[in-house]
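Chains as they are written, first to last, in this note's numbering: chain D, 1 to 394; chain C, 1 to 394.
I should point out that these hints are in silico values taken from the structure, not numbers from a laboratory. Warning: the hint list may mix true and false statements.
For identical chains, the list gives no copy identity; a pair is met inside one copy or between any two copies.
Derived lysine to aspartate or glutamate pairs resembling DMTMM-like cross-links, with alpha carbons at most 25 Å apart [said to hold, decoys possible]: (1) Lys308 <-> Asp261; (2) Lys56 <-> Glu319; (3) Lys5 <-> Glu49; (4) Lys34 <-> Asp347; (5) Lys25 <-> Asp98; (6) Lys387 <-> Glu339; (7) Lys201 <-> Asp235; (8) Lys164 <-> Asp311.
Listed below, chain by chain, are the residues.
Number of protein chains: 2
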Amino acid sequence: MYNKKMHHLGSVRSVIRELFEFGKKRALEVGADKVYDFSLGNPSVPAPECVNQAIKELVNEMPSTALHGYTSAQGDLNVRKAIAEYINERFATKLGADSIYMTVGAAASLCITLRALSDGQDEFVTVAPFFPEYTVFTEATGATLKVVPMKKDDFQVDLVEFEKAITPKTKGIILNSPNNPSGVVYTKETIIGVTTILGNKQKEYGHPIYLISDEPYRELVYGNVEVPYLMNYYDNTIVCYSYSKSLSLPGERIGYIALSDKLQDERDIYACVCGAGRALGYVCAPSLMQRVVEKCLRATPDIGEYKKNRDLIYGALTEMGYTCINPDGAFYLFVKALEDDANAFCDRAKQLGLLIVPGDTFGAPGFCRISYCVSYDMIKRSLPAFKELMESYK
Amino acid sequence: MYNKKMHHLGSVRSVIRELFEFGKKRALEVGADKVYDFSLGNPSVPAPECVNQAIKELVNEMPSTALHGYTSAQGDLNVRKAIAEYINERFATKLGADSIYMTVGAAASLCITLRALSDGQDEFVTVAPFFPEYTVFTEATGATLKVVPMKKDDFQVDLVEFEKAITPKTKGIILNSPNNPSGVVYTKETIIGVTTILGNKQKEYGHPIYLISDEPYRELVYGNVEVPYLMNYYDNTIVCYSYSKSLSLPGERIGYIALSDKLQDERDIYACVCGAGRALGYVCAPSLMQRVVEKCLRATPDIGEYKKNRDLIYGALTEMGYTCINPDGAFYLFVKALEDDANAFCDRAKQLGLLIVPGDTFGAPGFCRISYCVSYDMIKRSLPAFKELMESYK
Chain D
1 MYNKKMHHLG SVRSVIRELF EFGKKRALEV GADKVYDFSL GNPSVPAPEC VNQAIKELVN
61 EMPSTALHGY TSAQGDLNVR KAIAEYINER FATKLGADSI YMTVGAAASL CITLRALSDG
121 QDEFVTVAPF FPEYTVFTEA TGATLKVVPM KKDDFQVDLV EFEKAITPKT KGIILNSPNN
181 PSGVVYTKET IIGVTTILGN KQKEYGHPIY LISDEPYREL VYGNVEVPYL MNYYDNTIVC
241 YSYSKSLSLP GERIGYIALS DKLQDERDIY ACVCGAGRAL GYVCAPSLMQ RVVEKCLRAT
301 PDIGEYKKNR DLIYGALTEM GYTCINPDGA FYLFVKALED DANAFCDRAK QLGLLIVPGD
361 TFGAPGFCRI SYCVSYDMIK RSLPAFKELM ESYK
Chain C
1 MYNKKMHHLG SVRSVIRELF EFGKKRALEV GADKVYDFSL GNPSVPAPEC VNQAIKELVN
61 EMPSTALHGY TSAQGDLNVR KAIAEYINER FATKLGADSI YMTVGAAASL CITLRALSDG
121 QDEFVTVAPF FPEYTVFTEA TGATLKVVPM KKDDFQVDLV EFEKAITPKT KGIILNSPNN
181 PSGVVYTKET IIGVTTILGN KQKEYGHPIY LISDEPYREL VYGNVEVPYL MNYYDNTIVC
241 YSYSKSLSLP GERIGYIALS DKLQDERDIY ACVCGAGRAL GYVCAPSLMQ RVVEKCLRAT
301 PDIGEYKKNR DLIYGALTEM GYTCINPDGA FYLFVKALED DANAFCDRAK QLGLLIVPGD
361 TFGAPGFCRI SYCVSYDMIK RSLPAFKELM ESYK
């Protein structure tokens with residue numbers, strides 16, 4: 001007498017949530033200082049100062065009914081205009097306010113976009129390793145998600161496998177770079193490879209294939225690494241953005257969908273996005289936060305802290321003999337498990353107080369994810385346990 | 001190559017939106033003081049002082065990563081606990097934190113609840129006049145919405161018609177009181193009538209029928225009118241609440257779903273709600289606003305202003321000869337059109353600068369909705385136009 005699929009989705013605890021609960025229990029048994037929780041992707045760096053400043057200014061200066069009242073369904077016009085102009089300035093695009101639909105964060109951006117495009121019989125394609133909720137979001141529209149196996153040496157896209165995955169039923173691709181869970185940034189070469197294949201397949205099948213770029217980690221890159229802006233490589237690109245990580249406010253749920261001005265049937269797709277927003281109950285993203293991001297368009301959190309963390313944990317783990325890519329972005333380290341079964345490996349780590357997530361969830365068996373958006377001190381304290389773990393396999 | 005249904009939903013401008021655009025154009029032609037926009041339901045009363053105070057306190061006192069970080073998917077535990085206790089205190093229920101799922105406003109509450117319950121082949125039933133997005137939200141789950149014709153004399157529920165509408169396929173009922181668009185509060189007698197029928201039908205069919213109470217206008221009632229709390233009348237009740245109107249912050253999108261502690265399969269339904277939240281991308285409602293409502297649980301806006309508006313417009317219009325019910329709640333007056341076709345009537349009103357919404361949208365042909373959440377002064381200035389409209393029909 002209820003929706004069995006929803007029941008399943010709501011009852012199965014995610015592996016990450018299980019770990020989190022275990023951590024709390026374990027802390028009571030052995031002391032909180034002996035539990036090293038690397039499971040969650042909750043930013044550990046405070047929001048840039050301008051966020052709280054903007055909140056206070058808006059509250060003090062704007063009339064209540066305007067500040068807290070409905071904006072238009074697709075978001076406040078001035079906010080959308082400011083975002084479009086900012087994107088144009090950075091990436092030489094030609095977006096307008098009506099290229100942008102404000103959303104309640106990354107999950108909403110994806111759910112709305114998939115619902116806008118999917119007729120229910122379609123296939124979407126993503127590349128492993130990938131964020132597991134993609135499957136949930138895609139299947140909620142009646143479509144299916146096909147996963148391109150991962151390229152284990154560098155976690156870029158295996159172009160041969162990618163090409164094989166595209167069929168006449170392919171409606172769209174979801175790419176996530178900087179990547180959760182690998183921390184890898186897809187290179188220009190990868191993007192050119194992917195978009196060349198898509199361009200050819202579009203011609204061959206005679207219909208558009210949309211490239212959905214899920215990029216909440218765009219601003220979290222270290223050094224001078226460039227994250228290619230996909231609209232500049234492929235016309236049929238839709239960007240799903242969230243300020244969760246770039247402004248360190250994941251709880252506030254604020255982001256946007258941006259349609260390339262060169263998108264085929266651009267006005268029709270925008271209408272679909274508006275319709276999907278309506279059908280899913282997503283009209284008018286939180287009004288105060290819309291205006292906060294407008295005021296903080298140019299802000300970034302202090303990623304120096306993440307970089308310090310990355311350098312510490314990457315350096316220490318590789319020195320101990322662990323195998324992993326030095327991640328250019330996001331705040332994840334993706335490490336090869338010391339046995340074939342990453343679940344067994346993570347279980348053994350758990351006994352030493354190390355809470356890390358097996359890669360199976362991300363379509364990457366044999367690997368595990370370490371979220372280093374934690375305190376530098378906790379990483380330091382955890383290193384002996386990583387050492388002990390390594391030694392237990394010798 | 002996209003979802004045609006979504007395209008339709010996103011392209012068809014709502015009647016209300018059309019009116020709004022017309023108003024802006026008209027204001028340029030004849031002057032803003034000669035346009036009387038009664039079309040929107042955007043609160044005209046500022047949020048109670050405690051809202052902005054709470055925002056500032058939270059921003060000043062809570063660490064950024066805690067305040068703006070993810071809460072648990074169903075909402076912050078303390079917030080849910082506080083809301084449950086507040087409901088228990090007011091309505092003698094026995095809810096716990098896990099009876100509550102925090103949402104991004106009323107639309108989200110409904111979309112999640114319908115998705116949690118609907119298997120795709122079900123029927124939901126509502127009573128005219130009704131909020132038109134119910135159809136959109138219901139159909140988005142694959143289910144259908146059946147509408148009980150309105151009871152024209154008092155806009156309560158026609159119990160004979162209501163009983164006829166319930167079939168073995170009925171999964172749930174959506175009731176909205178105080179009602180948008182009629183402003184009517186369903187009486188205790190109406191609620192007893194409705195729930196008695198539902199109780200009997202449940203027994204007859206051998207499966208639960210859920211009563212979904214959509215009540216964003218609960219706190220907007222005038223005089224000593226009681227709004228019956230449906231959980232106290234019917235065990236299988238799910239309350240969809242939003243703070244949009246009660247705290248005058250519709251743009252902030254914050255509300256909750258509350259399951260009666262006596263709900264059949266209560267834990268299973270809660271799991272379905274969590275699953276539906278996940279499938280629709282609705283995990284973790286905006287974190288700052290969750291804590292704001294916790295701090296403002298007991299606050300209400302100054303409804304004295306709405307009452308003054310109601311008394312003015314109801315008094316003046318009935319004196320001119322218009323037929324309408326004196327609404328006990330919300331901020332709408334539902335007036336009988338002066339000809340059979342309410343669209344033609346509203347068009348004529350429009351020529352006089354009066355922007356009012358034909359009832360057809362609400363399943364109530366022959367009537368029209370006047371939103372009096374506007375300035376007292378505008379109502380006063382509009383009265384000659386209402387008089388002229390009346391006279392044009394004599």
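Hint by hint, here is what the structure shows:
1. For a Cα distance limit of 25 Å, the shortest separation of Lys308 from Asp261 qualifies neither inside one copy, at 38 Å, nor across copies, at 49 Å.
2. For a Cα distance limit of 25 Å, the shortest separation of Lys56 from Glu319 qualifies neither inside one copy, at 47 Å, nor across copies, at 47 Å.
3. Taking the closest pair of Cα atoms, Lys5 and Glu49 never come within 25 Å of each other, the shortest separation being 42 Å inside a single copy and 43 Å across copies.
4. Taking the shortest alpha-carbon separations for Lys34 and Asp347, only the intra-copy value of 16 Å comes in at or below 25 Å, while the best inter-copy value is 72 Å.
5. For a Cα distance limit of 25 Å, the shortest separation of Lys25 from Asp98 across copies, 20 Å, qualifies, whereas the shortest one inside one copy, 49 Å, does not.
6. In this assembly of identical chains, the alpha carbons of Lys387 and Glu339 lie at most 25 Å apart only when taken from the same copy (16 Å versus 84 Å across copies).
7. For a Cα distance limit of 25 Å, the shortest separation of Lys201 from Asp235 inside one copy, 14 Å, qualifies, whereas the shortest one across copies, 56 Å, does not.
8. Taking the shortest alpha-carbon separations for Lys164 and Asp311, neither the intra-copy value of 37 Å nor the inter-copy value of 69 Å comes in at or below 25 Å.
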